[in-house]
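Undergrad: Kindly produce the complete structure, drawing on both the sequences and the hints.
Residue numbers (our numbering), protein chains in the order written: chain A, 1 to 218; chain B, 1 to 85.
A couple of the hints might just be wrong.
With the C-beta cut set under 10 Å, the calculated list includes, among others, these residues of chain A facing chain B [stated by the list, open to error]:
hint, residue
1, 15
2, 18
3, 52
4, 147
Stretch-level coverage of chain A by chain B, calculated; a stretch enters the list once three of its residues show a Cβ under 8 Å from a Cβ in chain B [claimed, not checked]:
hint, stretch
5, 26-38
6, 43-49
7, 62-75
8, 175-181
9, 184-191
Because the hints were derived from the structure by calculation, they are not lab data.
We put the beta carbon where it would ideally sit given N, CA and C, even for glycine.
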Amino acid sequence: MSAIQPKVDEPVSDELTLVQAAKSGDVSAFEELVRRYDRSVFRIAQHITQNREDAEDVVQDAFLKAYSNLAQFQGQSKFYTWLVRIAVNEALMKLRRRRPERTVSLDEEVKTEEDSLPREVADWSPNPEQQYSQAELREILSRTIQGLPPGFRTVFVLRDVEGLSTEETAEALDLSIPAVKSRLLRARLQLRERLSRYFQRRDGGDVAQRRESGDGTQ
Amino acid sequence: MKCSEFLQELTNYLDGVIDDRTKAELEDHLSWCHNCFVVCDTTKKTIEIYRDSQLYELPDDLRTRLRTAIVAKCHARKKSGPQEV
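TA: In structure tokens:
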């Protein structure tokens with residue numbers, strides 16, 4: 001079993017040139033940075049807020065905040081990591097506004113049985129995603145990830161969907177590296193277990209067929 | 001290696017950041033423990049399905065609208081000087 005392959009990054013030097021140009025007032029250079037990262041910021045924002053309008057607002061607010069504070073960006077981290085940090089904070093603020101009754105924090109300790117083995121260990125069908133239409137699959141994936149606490153799904157999205165390294169994720173979320181690793185493991189295992197309900201191998205035919213043959217005698 | 005130890009190393013293994021000795025112990029465990037093999041395999045599939053899912057893609061028309069608004073506000077800010085959002 002091989003390791004997951006990381007995504008390939010854009011060249012950092014090119015990015016720094018754009019940031020320098022934007023800092024000196026070149027709005028078209030900043031527009032290029034928007035083009036490069038708007039899709040990613042939108043995905044992150046929608047994963048955190050779970051709301052399309054909020055995600056649109058986060059895209060605008062995060063890029064404008066980045067533009068207004070470009071002088072503060074010193075280049076110790078990648079521009080993208082700095083931008084993600086801003087976007088995550090904007091998204092969490094939106095989420096808190098929508099759910100004032102619940103405290104939303106990346107630091108929240110969610111009680112899980114992290115040391116116990118997963119309960120659901122049924123194997124999956126060979127190509128589980130092909131059992132469903134694209135629309136059904138998106139609905140399943142969306143509903144499943146929404147069930148995770150915000151702190152878990154944010155780490156999962158940055159690491160596994162957007163391809164940030166553990167170090168970049170820790171920096172973007174202001175978490176320690178062990179905290180990122182711990183949340184990532186728990187997020188991955190929880191998602192895996194929840195998806196097993198949809199994707200597990202059904203030997204001897206699917207549920208509908210079994211029900212039909214089992215209840216067929218009257 | 002016990003199942004609980006395997007679980008602790010799972011994320012490092014899937015990310016390819018694991019020393020050779022631990023990797024060999026883990027793969028030995030996977031060779032005889034069917035449950036852990038399934039957990040490892042389906043966790044990897046979980047990550048790949050989400051990565052390839054195109055969940056929450058930004059539609060082109062919305063993308064253009066957002067970018068146009070951002071650029072217009074950047075130009076406005078440039079004229080009025082730097083300020084906090």
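Undergrad: If a hint holds in the structure, say so; if it does not, say that too.
TA: Tested hints:
no.: 1; hint: 15; result: violated, 18 Å
no.: 2; hint: 18; result: violated, 14 Å
no.: 3; hint: 52; result: holds, 9 Å
no.: 4; hint: 147; result: violated, 14 Å
no.: 5; hint: 26-38; result: holds (count 6)
no.: 6; hint: 43-49; result: holds (count 3)
no.: 7; hint: 62-75; result: holds (count 7)
no.: 8; hint: 175-181; result: violated (count 1)
no.: 9; hint: 184-191; result: holds (count 5)
Hints 1, 2, 4 and 8 from the earlier list are contradicted by this structure; the remaining hints agree with it.
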